[in-house]
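K.L.:
Sequence:
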Amino acid sequence: MSSGTGLRTGLQGRSVIVTGAGSGIGRAAALRFAGEGARVTLADLNRESVERTVREVEAAGGTARAVVGDLGDQEVVDQVVATAVDAFGSLDVLVNNAGIMDRMSALGETDDAEWERVIRVNLTAPFLLTRAALPHMLAAGGGSIVFTASEASLRGSAAGAAYTASKHGVVGLTKSLAVMYRKEGIRANAIAPGATATNIRVDAQGGSHGPGTIGPYVALAGKVAAAEEQAAAIVFLASDAASNISGAILPVDNGWSAI
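Per this note's numbering, the sequence shown starts with residue 97, numbered consecutively.
Since the hints were made in silico from the structure, they are not lab data.
Glycine residues also receive a C-beta, built at the ideal position from the N, C-alpha and C atoms.
Please note that the accuracy of each hint is not assured.
Simulated restraints on C-beta separations [unchecked claim]:
no.: 1; residue 1: 109; residue 2: 165; range: 40 to 50 Å
no.: 2; residue 1: 223; residue 2: 316; range: 37 to 47 Å
no.: 3; residue 1: 318; residue 2: 276; range: 32 to 42 Å
no.: 4; residue 1: 204; residue 2: 155; range: 48 to 58 Å
no.: 5; residue 1: 319; residue 2: 237; range: 15 to 25 Å
no.: 6; residue 1: 103; residue 2: 278; range: 41 to 51 Å
no.: 7; residue 1: 212; residue 2: 142; range: 37 to 47 Å
no.: 8; residue 1: 108; residue 2: 237; range: 17 to 27 Å
no.: 9; residue 1: 204; residue 2: 181; range: 23 to 33 Å
no.: 10; residue 1: 178; residue 2: 147; range: 12 to 22 Å
no.: 11; residue 1: 178; residue 2: 108; range: 20 to 30 Å
no.: 12; residue 1: 223; residue 2: 178; range: 15 to 25 Å
no.: 13; residue 1: 181; residue 2: 203; range: 23 to 33 Å
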């Protein structure tokens, strides 16, 4: 497979995990990594969608494995990492992409269930997966970890309280990881997508305080990016082309964060 990027990514033959790979940014990233010659382990909660992505990778000449399950569950996390290592002999790149949206709720309207659900998927799951992946990367002398943060990680006006807190947490996790493991050859970066065409549901409560307050700010988002545009940034940060980049949060938002 060849993606035709022109960059020397150094991803040929490398073992890559991508979460949320059944659709949207995760699917696009999986296909792009495979196009660079990487061998991909794809994780998603939806069996049908992630197996479809595997078939797409294989139809294009790539190699992929799938793991289905809740990444907030340590057993599933361990299975994802074991699948990558057992199938491909190593773990070189981890893409913590899986995520869900909140209801755009203000803090006072955020119930325990919404808070716990969003934090579990968006922050706890990448923490667990990164912790499980680290020993393999450290033993190999290094690795690259990319998180999908959000425009909401850069401001307080792009989502509800739970989602905003979770993505700010992802930024903190990224920066801490980059500092703590810098000498061991671990690079950690994140993209901060703006408005992107994915299938993530936003069940906003029309009469609540949150959407009415942040709506005018969200309206400034402008162009809706294709998932492939976000995937290109992920693959770049994961690759040797970004070998001196770590601890970076890269906005991929058509300038929204500059407003």
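K.L.:
Would you mind marking each hint as holding or not holding in the structure?
P.N.:
For each hint, the structure was consulted:
1. Distance hint check for residue 109 and residue 165: the Cβ-Cβ separation is about 27 Å, which falls outside the suggested range of 40 to 50 Å.
2. Judged by the Cβ atoms, the range 37 to 47 Å given for residue 223 and residue 316 is violated: they are separated by roughly 31 Å.
3. With their beta carbons about 36 Å apart, residue 318 and residue 276 fall inside the hinted range of 32 to 42 Å.
4. In this structure, residue 204 and residue 155 meet the distance hint of 48 to 58 Å, their C-beta atoms being roughly 49 Å apart.
5. Separated by about 40 Å at the C-beta atoms, residue 319 and residue 237 break the suggested range of 15 to 25 Å.
6. Checked against the hint of 41 to 51 Å, the C-beta distance between residue 103 and residue 278 comes to roughly 23 Å, which is inconsistent with it.
7. In this structure the hint that residue 212 and residue 142 lie 37 to 47 Å apart at CB is violated, the actual value being about 21 Å.
8. The hinted range of 17 to 27 Å is satisfied by residue 108 and residue 237, whose Cβ atoms lie roughly 18 Å apart.
9. Distance hint check for residue 204 and residue 181: the Cβ-Cβ separation is about 45 Å, which falls outside the suggested range of 23 to 33 Å.
10. At about 19 Å, the beta-carbon gap between residue 178 and residue 147 stays in the expected band of 12 to 22 Å.
11. Here the CB-CB span from residue 178 to residue 108 is close to 23 Å, well matched to the stated 20 to 30 Å.
12. In this structure the hint that residue 223 and residue 178 lie 15 to 25 Å apart at CB holds, the actual value being about 18 Å.
13. The hinted window of 23 to 33 Å between residue 181 and residue 203 is violated, with their beta carbons roughly 41 Å apart.
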